[in-house]
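Residue numbers (our numbering), protein chains in the order written: chain V, -9 to 169; chain B, 2 to 70.
Any given hint could be a false lead.
Claimed, not checked - To list a few chain V residues with every Cβ distance to chain B over 10 angstroms, as calculated:
| hint | residue |
| --- | --- |
| 1 | E20 |
| 2 | A32 |
| 3 | A39 |
| 4 | Q52 |
| 5 | I66 |
| 6 | H72 |
| 7 | L90 |
| 8 | A93 |
| 9 | R102 |
| 10 | L110 |
| 11 | A118 |
| 12 | F128 |
| 13 | A132 |
| 14 | N145 |
| 15 | C157 |
| 16 | Y168 |
As the list claims (entries may be wrong) - Which residues of chain B face chain V? A partial, calculated answer using Cβ under 7 angstroms:
| hint | residue |
| --- | --- |
| 17 | R13 |
| 18 | S16 |
| 19 | Q17 |
| 20 | V26 |
| 21 | Y39 |
| 22 | S42 |
| 23 | A50 |
Simulated from the structure, these hints should not be mistaken for lab results. Even for Gly, the Cβ is constructed at its ideal location relative to N, Cα and C.
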Amino acid sequence: MKESGPDLILMGIGAAVFILAFVVTGRALEAPGSSGALSFGALSVAGLALAAWAILRMWRRQDDAALMEAGMLGFIFFLGLHEKAPKGSPLALFAALLPLAPAALFAWSTIRIARRADELQRRIAQEALAFGFVVSLFAALAGAALEAAGLPRLNWVWMAGVLVLTCGVGMVLANRRYR
Amino acid sequence: MKNRLRVLRAERDWSQADLAERLGVSRQTVNAIETGRYDPSLPLAFGIARVFGKLIEEIFEPDVLHREK
């Protein structure tokens, strides 16, 4: 995990470059006659390639914990990015589907961690999932109650983030118990 | 449950990581068993006994006071 620290930072830098260049590309495409869409498009591809290269390095190292973090971060980074592209354009469709790639990485690495875990690590994961499930359920019920009381409608896609976040917190708490 | 893991390990001059590798578990698991925060499953307890060449009862001892509470 410590070994993959620089790769995680590299992935973050690549993703940040991609997002910034993607937003500028979207704006350039929307403004007729404006130049620079191609160069910023190329920059966004370079950013994405950098992030992918960093993930590939972690993959080769079989660092599942780092891959899981990379997947979670990538999903959070890319969520909602389609709103920055012209509506209905291929760019918007690409951006809408993009979070699925880090989500798949997250799911795959989570399953691999679960398969390779020893009995204590499985218990820790079990406690973390129980914590995440209960807290997320409570958050969903609270959200629904607030909505019923007249508060603005929530975007329920964030429940996935809440579930991942609460499971992460549960993981930290359970790990502390058995440290 | 009490255990003599730390003593047996020290006698052989093994680190927690050495024992973990022999048992095929993480160092965290060995540490949690040693400190009594986690009781191993029966297969792992047999594995520990085999690694040290002892019987399970020679390594693990039920915490009678705790069980009576």
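Against the structure, the hints come out as follows:
The Cβ of E20/V sits about 52 angstroms from the closest Cβ of chain B, beyond the 10 angstroms cut-off, so the non-interface label holds. The non-interface label for A32/V is consistent with chain B: the shortest C-beta to C-beta separation is roughly 44 angstroms, beyond 10 angstroms. Under the 10 angstroms C-beta cut-off, the non-interface status given to A39/V relative to chain B holds; the minimum distance is some 35 angstroms. Annotated as non-interface, Q52/V keeps its C-beta farther than 10 angstroms from every C-beta of chain B; the closest such distance is 15 angstroms.
Annotated as non-interface, I66/V keeps its C-beta farther than 10 angstroms from every C-beta of chain B; the closest such distance is 27 angstroms. The Cβ of H72/V lies farther than 10 angstroms from every Cβ of chain B, with a closest approach of about 40 angstroms, so its non-interface assignment holds. For L90/V, the condition that its CB be more than 10 angstroms from all CB atoms of chain B holds, with the nearest at approximately 31 angstroms. Distance to chain B confirms A93/V as a non-interface residue, since its nearest Cβ pair spans about 27 angstroms, more than 10 angstroms.
With a minimum CB-CB distance of about 15 angstroms to chain B, R102/V clears the 10 angstroms threshold, and the non-interface call stands. Residue placement check: L110/V does not keep its beta carbon more than 10 angstroms from all beta carbons of chain B (closest about 4 angstroms). A cut-off of 10 angstroms between C-beta atoms confirms that A118/V is not in contact with chain B; the least separation is 14 angstroms. Annotated as non-interface, F128/V keeps its C-beta farther than 10 angstroms from every C-beta of chain B; the closest such distance is 28 angstroms.
Every CB of chain B is more than 10 angstroms from the CB of A132/V (nearest about 33 angstroms), matching its label as outside the interface. With a least beta-carbon separation of about 38 angstroms from chain B, N145/V lies farther than 10 angstroms from that chain, consistent with its non-interface assignment. The claim that C157/V lies off the interface holds: its Cβ sits roughly 18 angstroms from the closest Cβ of chain B, which is beyond the 10 angstroms cut-off. Once the 10 angstroms rule is applied to beta carbons, Y168/V is inconsistent with being away from chain B; the minimum gap is 4 angstroms.
Residue-level restraint check for R13/B is violated (minimum Cβ-Cβ distance to chain V is 21 angstroms; threshold 7 angstroms). Checking S16/B against chain V: minimum C-beta separation of about 17 angstroms lies over 7 angstroms; hint violated. Because the closest C-beta pair between Q17/B and chain V is about 13 angstroms apart, greater than 7 angstroms, the hint is violated. The interface hint given for V26/B is met, as the beta carbon of that residue sits about 4 angstroms from the closest beta carbon of chain V, less than 7 angstroms.
Checking Y39/B against chain V by beta carbon gives a least distance of about 5 angstroms; that is within 7 angstroms, so the hint holds. Because the beta carbon of S42/B sits about 5 angstroms from the nearest beta carbon in chain V, less than 7 angstroms, this interface hint is met. Using the Cβ-Cβ criterion of 7 angstroms, the hint placing A50/B at the interface with chain V is not satisfied: the shortest such distance is roughly 16 angstroms.
Consistency note: the structure conflicts with the earlier hints numbered 10, 16, 17, 18, 19 and 23.
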